Structures are given as C-alpha cells and as structure tokens.
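Colleague: Just so we're aligned, residue 1 is where the sequence shown starts under the numbering used here, counting upward by one.
Everything labelled a hint here was simulated from the structure, so no lab data went into it.
Source: prediction; values computed, not measured.
Label-pair distances were calculated between CB atoms; the ranges are:
(1) A212 - D236: 15 to 21 Å
(2) G6 - L268: 53 to 59 Å
(3) T251 - L175: 28 to 34 Å
Below, a list of computed lysine to aspartate or glutamate pairs in the DMTMM-like style, where the Cα atoms sit at most 25 Å apart:
(4) K291 - D230
(5) K291 - D236
(6) K291 - E224
(7) K291 - D165
(8) K291 - E246
(9) K291 - D227
(10) K291 - D274
(11) K291 - E101
Positions of the beta carbon are idealized from the N, C-alpha and C atoms, including for glycine.
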Amino acid sequence: MSSRTGQSVTVIGLGPMGRAIAAAFLDRGYAVTLWNRTSSRADDLVSRGAVLAPDVEQALAANEVVILSLTDYAAMYDVLNPAAAALTGRVLVNLSSDTPERARAAARWAAERGAVHLTGGITVPPSGIGQPDSATFYSGPREAFDRHRPLLEVITGRTDHRGEDPGLAALFYQLGMVMFWTSMLSYWQAIALARANGLTAADILPHATETANSLPGFFAFYAERIDAGDHLGDVDRLSMGTASVEHVLHTNADAGVDTALPAAVAGLFRRGMDAGHAADSFSSLVELMTKGEAPPRS
Numbered sequence: 001m002s003s004r005t006g007q008s009v010t011v012i013g014l015g016p017m018g019r020a021i022a023a024a025f026l027d028r029g030y031a032v033t034l035w036n037r038t039s040s041r042a043d044d045l046v047s048r049g050a051v052l053a054p055d056v057e058q059a060l061a062a063n064e065v066v067i068l069s070l071t072d073y074a075a076m077y078d079v080l081n082p083a084a085a086a087l088t089g090r091v092l093v094n095l096s097s098d099t100p101e102r103a104r105a106a107a108r109w110a111a112e113r114g115a116v117h118l119t120g121g122i123t124v125p126p127s128g129i130g131q132p133d134s135a136t137f138y139s140g141p142r143e144a145f146d147r148h149r150p151l152l153e154v155i156t157g158r159t160d161h162r163g164e165d166p167g168l169a170a171l172f173y174q175l176g177m178v179m180f181w182t183s184m185l186s187y188w189q190a191i192a193l194a195r196a197n198g199l200t201a202a203d204i205l206p207h208a209t210e211t212a213n214s215l216p217g218f219f220a221f222y223a224e225r226i227d228a229g230d231h232l233g234d235v236d237r238l239s240m241g242t243a244s245v246e247h248v249l250h251t252n253a254d255a256g257v258d259t260a261l262p263a264a265v266a267g268l269f270r271r272g273m274d275a276g277h278a279a280d281s282f283s284s285l286v287e288l289m290t291k292g293e294a295p296p297r298s
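Build out the structure end to end from the sequences listed, making use of the hints.
Modeller: Listed below in structure tokens is the structure:
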C-alpha cells in the first residue's frame, strides 16, 4: 500500500484508543498496517485504506515503528511472544497502561529480542488523539524518540520525553491516574450525596467546577512546603481537617449514601492524628503515605 507521505506505521490493538491512533495516522497520509485479535474492529479503518495483517508476525515485519495499544503489558507478551523472531529492528512504542516496573521489564525483554522499547503514557481519552494540544509522556532511548518524533506527534501534538529510564513515562502516567480516578470518585460521591438530598448533577455542577478550579492554587502552595519538609500548622491543622472529614462522613451516612470513600479519607486523617500530627498541617499526611504504613487492625 502506498501513502501520500511515504511514511508508514503498524498499530497493534484496536480498542477505542488504538482505532483513534490508527485513524490519526490515516488522516495524516500514513500507510497503516493493523492487527487485532478481533479482526472486525479494523473494518472501518480498512475501508479508509489501512491494511489488516493476517498475523502478528506480518504486522511486525511491515514497519519499523510498531504502536502497541493493549490493555496491559501481559497482553503485549501474549500477542508478541509467538512472533518474537520478527521483533529484531523494530521500535515498539508501547502505549499500553501498566506499572513502571513492568515497563522496565518490558524494555529489557524487547532488547533481548533485538527491539527498542519506548514507553508512552497518553494523557487524553481517544477523542484527544491527533489534537495539537494533547500530550503524551515518553521515556526510553532518546535517540529513538528523537528519530521518530514527527510520527509520535501525529498521536498527540505535544510529546514529553522524561528520560532514558523506561519506567518514567509509566510513572508520570500513573501519577495522573492517581489524581484522575480519585478526583472523579469524589465527584461521584458529591453527586450521590446531592441526589440523596433532591438535587441533580446539573444542580451542583457550577459549585463542583468552582471547587475543582481552586485546586491548582492549593497544589502550588503546598508543593514548595512539602519539598522543604515544612508541615507547620500555621495555615491549617490536621485536627481541624479531621473534624471536617468526619463531618463529611457523617453527612453521607445520614443521607444513606455509600460511605466507603469518605470513610477511607477519614481513616487516613485519624492515622495522622494517632501518629502525633494533630498540630501539624494536614500536608503531614504525605509523610505517612510515603512510608506506606499499613493501617492499624481494628
């Protein structure tokens, strides 16, 4: 298959993200080779000019750069192990989600088979693929990143190489996920509490948005103090915060709303109190969390 640009790429994995990535390459005139366990997911892309490889080995052989968009790294091994002989000379851009340690192990695994592994962490949903303001973290060999940067910029307009350590992109991705999932759960909690009191999600949306928009100021304020090891209780105190989160917990319980999330938050605050930080800022909980101490048994 020829392309308008003379450039080509292979995409393995055609979930919503993989299909969006393949479509972005087609939009930019790339020759695109595809493989997916469920071949029917490629139908609309094939109708646009992509080629569906009959097996993984031929998908790998088609191009130097292979984009992996799979559920996790275990899926990568399942897919690529049977075709390991075809990995030599390939640059695997692994956009699958997993842990930093598994990314490092995957990079070693790829190198042992003659391939280069670039870890990627996309920070947007499929709707953001191909957009100039969207961003992806990358880590791994800088030479491979620089050489293929124009191709990577098709996926998201901004590419952020975090270093040679293949685990760093996965780490930055997971840092975002820590905040995203917890934040969204807090929004669901607020909606559940609102509904229990006769309000809708639309009713509380302006207040929820205003609250969320206030967070960057708090992030910046506490970042400098935390890096300096300063948890002085001059602005807030853990004892005050504990009273507040207890009120949140009781408000949800009184409304008959599930209390798993607010109870977990209150439990963490209580652990900080038990550790002697009542007069310190609630930022002192960072130290408790960094140590990874298990909560006391009830």
